[in-house]
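Mind docking chain C on chain D? Use the hints.
Going down the list, the sequences are from chains D and C. Counted from 1, the first sequence has number 104 at position 104 by the working numbering; the numbering is strictly sequential. Counted from 1, the second sequence has number 9 at position 9 by the working numbering; the numbering is strictly sequential.
Incomplete in silico selection of chain C near chain D, CB under 8 angstroms:
id, residue
1, A111
2, L115
3, V120
4, L297
If you're looking for bench data, these hints aren't it; they were derived computationally from the structure. Glycine included, C-beta positions come from ideal geometry on N, C-alpha and C.
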Amino acid sequence: MPTWACCEIREATVTNPFDIFLLEAVLNGILLGGLLALLALGLNLIFGVIDVVWICYAELVMVGMYGIWWLHTAQGVPLPAAMLASIGLVAVCGMLLHHYVVSPVLSAEPINQLLVTGGVLFFLQALATVIFGVEFRNVGFRMPSLNLGDMSLSGSRLLAFAVAVTAIGSTWWFLRTTYLGTAIRAISQDRSVMPLMGVNATRIYLLTSALGGGFAGLAACLLVLQYDVHPAIGLSFGPLTFLICVLGGLGNLIGGLVAAFVFAQFISVGGFFLQIEWGYVIAFVFFIAVMFWKPEGLLSRRR
Amino acid sequence: MNARTLAAGLLLLLLLAPWAGLGRYPLHLMVMAVLWAYIYTSWAIMGRLGMVSFGHGAFMGVGAYAVVLSWNLFGVSPWVGALLGIAATIVLAVVIGYPCFRFRIVGHYFALVTLALSEVVRLVIVALRDQTGGSLGITPRSALGGTETYALGALQFDSKVLWFYIMVAFWLLALWVWQRVDRSMTRLALQAISEEEDAAASIGIPVNRSKLAITVLSAVMTCIGGVLYAQYQLYISPETVSGISISLQMVFGAIAGGMFVLLGPTFGAVFLLVLSEVLRVLIGNQAHGVDQLIYGLLLVLFIIFMPEGILGAALKRFSRTPAAVDGATGPGMGAPGKLS
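Just chain D, with the same shape it has in the complex (with noise of 0.2 angstroms):
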């Protein structure tokens, strides 16, 4: 190629960077968001009712993906009924995190709480290197992208996005109107005094355990459209979901979704104009700064 033409491709791209890549990159980030938004929302349901921080989260998520890949491509289930088995999966392992490992140390320093779940990430992540080895799997299933124009969206993104906000109304509306969701906010409020009202406390943690797995579990769903699993692709996006809850307020359910969004441009946009890498360096010192500015999130609701 003579040296000219690629002086005046380089010269197009570093000048005009407010062009269709730049507006592909905020749609990307906006489908970004919605997936983390729905990684958030399950910790950030935990959290709010039993006040506990899973920094184990992220690997139930993994939990999942091999569930699905080990069903659908050692099983030879069909993927939606070995996704549909997954989050049960996952929800069971919820509850069970909750009832062997949770609960005893339920009363005991909040920093207790964060380590025993640390102790579980250790187990999950060496539990699946033994099972299935240090190799990324795919389910060998890719969804065809979406062409607009010169924009390129890729279509397991836009599948991502569309489940997590009928996910994160879903609960919303749960929350709202139903008895049992009543009883959930009701017992997020008061831990002491719900129980005397004839709220069975016990119930209530295994049941928010559950639809909390539940979530990670149908995270996994999306997840292992997109990405490989390989047992540390927790510690990939762990770190970004505690945050994105920590920025929304921990326990705000519409702060998480909000703060989902904030993180998924810096990422995406950021990404773009600079490295992948230098858009979540980005989002890191954003965070750092607002926890300095608003400790209790952006949309700071309780206390």
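Here is chain C on its own, set in the frame of chain D:
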């Protein structure tokens, strides 16, 4: 008096250990055990006072990359590189610590903010891949050629025995710092702060300054740990010196041993190393991850049933003066009377 003689005897045994005719590999394990003991102790100096940091990987990463990058890119001696790393660590610790303490970010909010810090450092290292080698890691340019076995200016030594003594010296230094902090007013002040911050402030304790001082101390010691790691291993990568997994490893190592007693973090480091080696010998290299599996399981069990750690629990059980041990248990996790 008796305990002091015992301690001196054990230390003498430790110092003589490299001459027992061990092979290179056992010696390497001993060097690593003492290095991790030093790093965990550095972490616990602040962790035991109610400041559980999930971000010490950031300081270790800064130390390790400061020496290797200044040596490889600019030919600056690691002695100067280490000073640059320490300066950067102090800045980082103050930039994170001061607002945290000023705005009362405590408990798991503090843990998560520091977690974000360690991820920022890891991601910056990965993003600067043209200089740092990215996720593949980096090897400091060798200064040892042919017959030379040591290069003092480049801080590279061939002899593992020499490294062993260097690590032991830093480990002893950390124990001494721990004791000094214990005997200072700052420690009493910090213990009061970790139990009731408002009450401590009301009796005139400079809350923010005390917390910041101890944070900077702990961060600088961890940074030196990163320098030692880089110069001994002569290979570093973002995952082995910074990021969430190494930060959590420090937290759990210290807690497994017992972060409220002087030798607890040391015990944790030795315990984890022995555990992974024994499992490796018993199970073999094929069963990759089994040691981590048992490690994770033990951590969960420790925090539920033995929050004061192995050594902490053992001392509590066998001590003839339970009151003294209760005092050493300090605030925070597992402190008797706090659960009721």
